[in-house]
Amino acid sequence: LGEIGVGVEVDYMQLTVEVGAGYQLWSQGSSGSAGYMALDVLAGARYWRQETDVSVQVAGPLGGFDVSRSGTVDWTDPFVGARLRKTLAPGQELTLRGDVGGFGAGSDFSWQAIATYDWRLRANDGYSLDAYIGYRALSVDYSQGNGLSTYEYDVLQHGPIVGLTTRF
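Going by the working numbering, 145 is the number at position 148 of the sequence shown; the sequence numbering is gapless.
In short, the hints are calculated from the structure, not lab data. Every residue gets a Cβ at the ideal spot worked out from N, C-alpha and C, and that includes glycine. Don't take every hint at face value.
[Unchecked claim] Estimated spans, in silico, between C-beta atoms of each pair: (1) Gln11 - Val38: 43 to 51 Å; (2) Gln11 - Thr147: 15 to 23 Å; (3) Val7 - Val38: 40 to 48 Å; (4) Arg119 - Thr49: 12 to 20 Å; (5) Lys83 - Val51: 27 to 35 Å; (6) Ala102 - Ala134: 19 to 27 Å.
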């Protein structure tokens, strides 16, 4: 009969953006000096967006065909949490953070745990810029639709992180 060729291409993009604020509940020691500790409460929102494009091409001796499908899903989760900060030396901090969210407003439930080492890059005019390196675990359980149009995303993502933080 001849040869049949099949080509499949899948493109997937995920974007997660988080905004929030913190309020210091408790502190011990002199701010900025070694041994200083602080406990903050956090609140905010985490926006999720996922895009997928799938294309299948089939070619054979009797002809061929192409099938393409794409879709986008996005949602926003509120979250609440806490953060514990300990100053190791002036401009150097260890941070432990956890939060829970979703609550059915976006996803059914989400949680996050982060441990970072932070160091001050710049401080002046009432703001500071810090860099951090650490480890993060982020879990989300999201679903929408029913029957053949059901979309479910129940994932635990974890691994190293690096980033920047500003305080004002």
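Numbers of unmet hints, in rising order: 1, 4 and 5
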